[in-house]
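I would like the entire structure built from these sequences, with the hints used as guidance.
Protein chains in written order, with full-length UniProt numbering: chain A, 1 to 326; chain B, 1 to 326.
You may find that some hints are simply not true.
[To be verified] Examples of chain A residues lying across from chain B (beta carbon under 10 Å, computed): (1) Gly21; (2) Gly70; (3) Cys172; (4) Gly175; (5) Cys179; (6) Leu238; (7) Arg246; (8) Ala254; (9) Ala255; (10) Asp260; (11) Met291; (12) Ala294; (13) Ser325.
[Unchecked claim] For the chain A half of the interface with chain B, some residues (derived, Cβ under 7 Å), not all of them: (14) Phe90; (15) Asn129; (16) Ile150; (17) Gly152; (18) Val164; (19) Cys174; (20) Asn257; (21) His288; (22) Glu320.
Quick caveat, the hints were computed from the structure, so don't treat them as lab data. Since the model is a prediction, treat every value here as computed from it, not as a measurement. Cβ atoms here follow ideal geometry from the backbone N, Cα and C, with glycine treated the same way.
2 protein chains.
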Amino acid sequence: MSGSVLAVDIGGTKFAVALVGREGEILRVRRTATPPGGDAHTLWRTLDSLIDALLTEPAEIEGVGVGCGGPMTWPEGEVSPINMPGWRAFPLRARLAERFPGVPVRVHNDAVCLAVAEHWRGAGRGSENMLGMVVSTGVGGGLVLGGRLIDGGSGNAGHVGHVVVEPGGPVCGCGARGCLEAVARGPALAAWALGRGWQPGSAVRDVPDGEAAPYVEAATASGRQLALDAAAGDRLALAAMDRAGRALGLAVAAAVNLCDLDLVTVGGGLSQAGRLLFDPLEATLGEHTRMGFARRARVVPAALGQDAGLVGAAALVLAESRYWSH
Amino acid sequence: MSGSVLAVDIGGTKFAVALVGREGEILRVRRTATPPGGDAHTLWRTLDSLIDALLTEPAEIEGVGVGCGGPMTWPEGEVSPINMPGWRAFPLRARLAERFPGVPVRVHNDAVCLAVAEHWRGAGRGSENMLGMVVSTGVGGGLVLGGRLIDGGSGNAGHVGHVVVEPGGPVCGCGARGCLEAVARGPALAAWALGRGWQPGSAVRDVPDGEAAPYVEAATASGRQLALDAAAGDRLALAAMDRAGRALGLAVAAAVNLCDLDLVTVGGGLSQAGRLLFDPLEATLGEHTRMGFARRARVVPAALGQDAGLVGAAALVLAESRYWSH
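Here is the structure:
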């Protein structure tokens, strides 16, 4: 198995590692649950062992690409994932570079990797100017402009979740008021609906089905339940989807007008709601993209499933001319 | 005079042409008033004659850079400036290319040229990730990311004036509601203050002084008068500046969070209000850029004066590796 890249996807619920071929195909993959409450050493050992389990045969590794929850220093790759308190300024890139000397080891934000994956091999193929979004327990994204990943000054470009959509609105995890994420992330939407009398599951019960729904690991049960109830016609769940769609529409419009985008892809648990989310999103986007150039922008569901993070991480190495600037 | 570039700045009130040297220095300049209500032929003759008046000595023109009001097709350079009805789909680039065969002729949005000028030779020097804004009769801008001008899919990146800052707010010229431009452009602010009882000039009279204040040609008397009255302590004029500053702060925060910017430059008539505008702008920006990476972004006044448009237009040719992608 020569000429492949090791891809690593570090999330709050799951670690995944894979060997990825030149065209982005997953050759072999291993997953494990993130050790809850693990300290820095435990988390590293879990990852290190998972890589051992993947590399049971000799493999020529040409490079390592990593997607990890933020914040992090970039391109240094010292990570402090919000939902993994055991890693604070953990030198993830350096540790992987020790294990894989002589090849590039590149770490980027997990939402950025999802956007890269959609651009490289998913719903964004052929677009030169797109925003790839993920709407789940948080709202993140990545920007591709002029056919290249935009990093911004500190590797943090794409934080569309912190565009203000409701001035004076609910407080966000970041401390500001009225961010898109504060309104449209699954738990916030569920709380909003509960506060108005929503009875979760009264329309239809969410039974985990064991199937690998796209990004399912990042979706909250409450957000999924809300989407299911909305699909079953629950009035409050529908109102919550409308609220999320309108908030997303305002933030997407800001990105389209500011960056002259062709395309926006939306993935993550909440996007599973389909037209119930995309209809109000597109209506609001249409109201706020009235100039000729902005009208062409389309919003589509993300196309890749649970392997998207791995594909995007691999692209940091396999398609570096487009996705790695440093 | 060998090795210089012809720069052209086409505005609703004024045409300017200049010979610009390699470092962005203006070697010679000619200006004339835009013929009011001029048809396509009259407008072209005015520009053509102005170039004649500039090129009285033989000059080796290495290229032509043009800034013009939008909209336009890009990079084709067929222009339809909103405030010059005589030009609709006028082939400005093609006509200049006929006059200057064999050298590059490049046309871009006037607000983009101002941003390029600030990045190349003004307040944005050294920043790799900036938004250059102009707040005047309209609100426009240009984006530089990773050290390069971002064009977007149709040459329209930088339209920060159409980020929504007041959902359900006033109707914008573009047809949408609550755009930054609908709130913060000079005439909108003046109308807002007048509707609340502002008596223009009761605090201090705006006497045109003939001095070349930066971007003065683009500022409206009403916006300038508002700034003067605010400086003199007029309560309603101050409230208008506060309103503009807060709206600008929300849109700038969206750009900073989405694009991970180091710097935002603000020019145009309204920026003459100084601290009265920048204080509420910075306060609002601070409230909405709470993540570590976003806190570093600074907002500064544009540094270049009335020649900025010419300097930016020249840079499309003189510094093409950074400012011309096509």
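Now for the hints, and whether the structure bears them out:
1. Because the closest C-beta pair between A/Gly21 and chain B is about 29 Å apart, greater than 10 Å, the hint is violated.
2. Because the closest C-beta pair between A/Gly70 and chain B is about 9 Å apart, less than 10 Å, the hint holds.
3. Below 10 Å, beta-carbon pairs count as interface contacts, and A/Cys172 has one with chain B at about 8 Å; its hint therefore holds.
4. With a least beta-carbon distance of about 4 Å to chain B, the hint placing A/Gly175 at the interface is held under the 10 Å criterion.
5. With 10 Å as the threshold, the beta carbon of A/Cys179 comes within range of chain B, its nearest partner Cβ sitting at about 8 Å, so the hint holds.
6. Of the supplied interface hints, the one on A/Leu238 is violated, with its beta-carbon coming no nearer than about 20 Å to a beta-carbon of chain B, more than 10 Å.
7. Nearest Cβ of chain B to the Cβ of A/Arg246: about 8 Å, under the 10 Å cut. The hint holds.
8. Evaluation of the A/Ala254 hint against chain B yields a held restraint, the C-beta minimum of about 4 Å falling below 10 Å.
9. Against a cut-off of 10 Å between C-beta atoms, the interface hint on A/Ala255 holds, since the closest Cβ of chain B lies about 6 Å away.
10. Because the closest C-beta pair between A/Asp260 and chain B is about 2 Å apart, less than 10 Å, the hint holds.
11. With a cut of 10 Å, the hint placing A/Met291 at the interface with chain B holds, because the nearest CB-to-CB distance is about 5 Å.
12. At about 7 Å, the closest approach between the beta carbon of A/Ala294 and any beta carbon in chain B falls short of 10 Å, and the interface hint on this residue holds.
13. Of the supplied interface hints, the one on A/Ser325 holds, with its beta-carbon coming within about 6 Å of a beta-carbon of chain B, less than 10 Å.
14. A cut of 7 Å between beta carbons decides the hint on A/Phe90: the least distance to chain B is about 16 Å, and the hint is violated.
15. Because the smallest distance between the Cβ of A/Asn129 and any Cβ of chain B comes to about 4 Å, under 7 Å, the interface hint for this residue holds.
16. Checking A/Ile150 against chain B: minimum C-beta separation of about 5 Å stays under 7 Å; hint holds.
17. This hint holds: A/Gly152 has a C-beta 2 Å from the nearest C-beta of chain B, less than the 7 Å allowed.
18. With its C-beta approaching chain B no nearer than about 5 Å, A/Val164 sits inside the 7 Å limit, and its interface hint holds.
19. Annotation: interface hint on A/Cys174 holds; nearest CB of chain B at approximately 5 Å, less than 7 Å.
20. For A/Asn257, the interface hint holds, since its Cβ comes within 7 Å of a Cβ in chain B; the closest pair sits about 4 Å apart.
21. Below 7 Å, beta-carbon pairs count as interface contacts, and A/His288 has one with chain B at about 5 Å; its hint therefore holds.
22. The restraint placing A/Glu320 at the interface with chain B is violated, with a minimum CB-CB distance near 15 Å, outside the 7 Å limit.
In summary, the numbered hints that this structure violates are 1, 6, 14, 22.
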